[in-house]
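Trainee: If you want the building blocks of each chain, they are given just below.
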Amino acid sequence: MIAHLSKRVVIGGVIGIALLLWLLFWGAPAWLYRRTAPAPPAEGAAAVEGRRINATLFFVSPDGQSLVAVPREVPFGATPAEQARHIVTAQLGEAPASLVTPIPKGTTLRGVFLSASGEAFVDLSPEAAANHSGGSLSELFTIYSIVNAVTVSLPSVGAVQILIDGREVETLAGHVDLRHPLPKNTTWVKQP
Amino acid sequence: MRFASRFAAALLVLAAVTSAEQPAAYTIVSKEGRKPLPSRVQGGQEMFALADLAAAFGVTVREDVAAGGIIVTAPQNRTIVLTPGQALASVNGRVVSLPAAPVRDGRVWLVPVEFITRALGPALNTRLDLRKTSRLIVMGDVRIPEVEVSTEADASRARVSIDISPSVPRAVTQEGQRLTVRFEADALDLHLSQPENREIVAAVRAGDAAQTLVIDLGPRAGGFQLSTQPRERGAERLVIEIAAQGAQPQTPIQPAVPVEPPPLPDFSSGGIRTIVIDPGHGGDDRGARGAGGVEEKAVALGIGLKLKAALEARLGVRVLLTRDGDRAMRVDERAALANNNKADLFISLHANASVTPAPAGASVLTLAIEGYATEAQPSAAPAISLPVFGGGSRSIEIIPWDTAQLRWLSDSERLAALVHAELGTRVPMHPRGLDKAALRVLIGANMPAVLIETGFLSNPDQEKALAGDALQNQIAEAIVNAIVTYKGGSQ
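Protein chains in written order, with our numbering: chain A, 1 to 192; chain B, 1 to 491.
By construction, these hints were calculated from the structure, which means they are not laboratory data. Ideal Cβ placement from N, Cα and C applies to all residues, glycine included. Any given hint could turn out to be false.
Unchecked claim - Some chain B residues near chain A, calculated using beta-carbon distances under 8 Å:
1. A288
2. A353
3. T356
4. A358
5. P428
6. M429
7. P431
8. L434
9. L439
To be verified - Across the chosen pairs, the derived CB separations fall in these ranges:
10. A:V169 - B:D469: 44 to 54 Å
11. B:G468 - A:G50: 55 to 65 Å
12. B:T228 - A:T108: 51 to 61 Å
13. B:D324 - A:V169: 26 to 36 Å
14. A:G111 - B:D326: 44 to 54 Å
15. A:G111 - B:G424: 56 to 66 Å
16. A:V169 - B:G325: 41 to 51 Å
17. B:P357 - A:E73: 48 to 58 Å
18. B:D469 - A:T186: 36 to 46 Å
19. A:N131 - B:P357: 52 to 62 Å
20. B:L226 - A:P126: 54 to 64 Å
21. B:S134 - A:E127: 48 to 58 Å
22. B:R233 - A:S117: 16 to 26 Å
Throw the hints in and build the complete structure from the sequences for me.
Mentor: Here you go:
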């Protein structure tokens, strides 16, 4: 009898343990996964949509002699790369009233990549070079508006390399060396 | 004098013994004097015998039978290696092309006359200038400008036009019926033509001294006046207008008329021998463009040509342009030309632009090493020793392209400050007249190097001025003066 009982207990225990194991490692995760897997993007998007952060953008002063730092709210990015993308997109946008954009007409952002060592690669459309008006000052303003917008707004980014149409280029308009990432340089920024 | 008369006698003898087909001998002109160097024509190509070159220039020639080459050794173990059948020479390990391969004529090896400038000059580390039409080989820092004189005359006046290439300072003096033009040179490469009407100018001829030109005045000669015009490629035209007697000269006759600024430091002996001027952009790359259509590439070239002429005329240095026409160049080709020619200064010329029309003025830029992220900043590399064909070895300092300018930064900044100061006395300057940036064209220049933005094409007034000769000449003159001061400070 005891032997009978214990045999049943053992069988019941084994089934119970198997059930518990299944629940723990298969059933529950699958159920949980189904519930939670689609959730992060939905929740993230909902959270990001409303959130904005303060970035610093750079535009040309009315007299054309310097860059001016302009605070601007840009959408929050869940990753540093996404954040950098929002900042550059804003920098490529219109200048505030009375200031002038240093970005050549028609320039769009193809992508932003970040390296592990804190370098950002900003990939611009060919118009950035093709429509550039030339002149070293104008070229410095174009380049350092972008470099400074990213490095000032995102302190984790130490330097920015500008790519054109997915490729590394020598220069944008013949003067400034774009073969390396360029660190922040506020030499041409008007001090308030 | 004795040397000269002996030389003249030697020339006469040479003229007598050479056959009709053989060209006249060349004359080597150096600080030490003059020596003849015979040439001959072989297969339509004018050649020198290597043995003659050995005697004339103190080099040794030996045939390396095992290697199948001819080795010309200059002092300090500099070598030229020639290979029969190949129109090439290796000069200290660098390959240069020749118009024809060396050929053997009996026991004599012959090389094309261009061997002098392309191979022998670099091997001797001396300037050798081959002037085929004048049959001259100018050696070292001897200044022998080409002086071409033509005269037009009518009843009321005569005009003597003297084309001087490269231009050198000179003075015109009058003694009785004779005008003497004394050039600051060692000798003159004179090409004269006589006037048809000899009433005002009777004759033009070489003076007694090697560096003088004499204009013998005719019976009707009155007062004279001088003017100069810059010409292409560093040349200049001096015009002497002589009025007929009775006709009033516009300016009184002066006993001595200096026509050039006072003599400058001797550039031939010091550290600056070669200057490379880099007119920015070119070809499809127009650079900046003004609203009126003036293009940066044209402004840069215009100033570059004027600067070259002014530097050659005033300093007598070798000046090379990275481009002398409207052609596209890769950015590294520009510094490469300067590095390969061992230039002592690199000057890149540009015109600026802004997104608004207000900015104006020139600025001078140097390389900003701070412009590069730390990882990109280069470090020094050691020298290595390489074996050389023909025996021996030579030590080569390997400098990574992106570190070349680093060692020159303080010299570059000193030159930039001087150019800035000189420009400031002549042309409007930008508020950031002295600036630094990560400039692509300067990084590979292995010598003091500056980039000059001469003004803003986006400013309508400046666009107009930059296209004109007046401002371009002012800019060129300012740069020349800055280089003179820079050189003075380097000694």
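Trainee: So which of the earlier hints does this model not fit?
Mentor: Hints 5, 6, 8, 10, 14, 15, 16, 17, 19 and 22 contradicted; others consistent.
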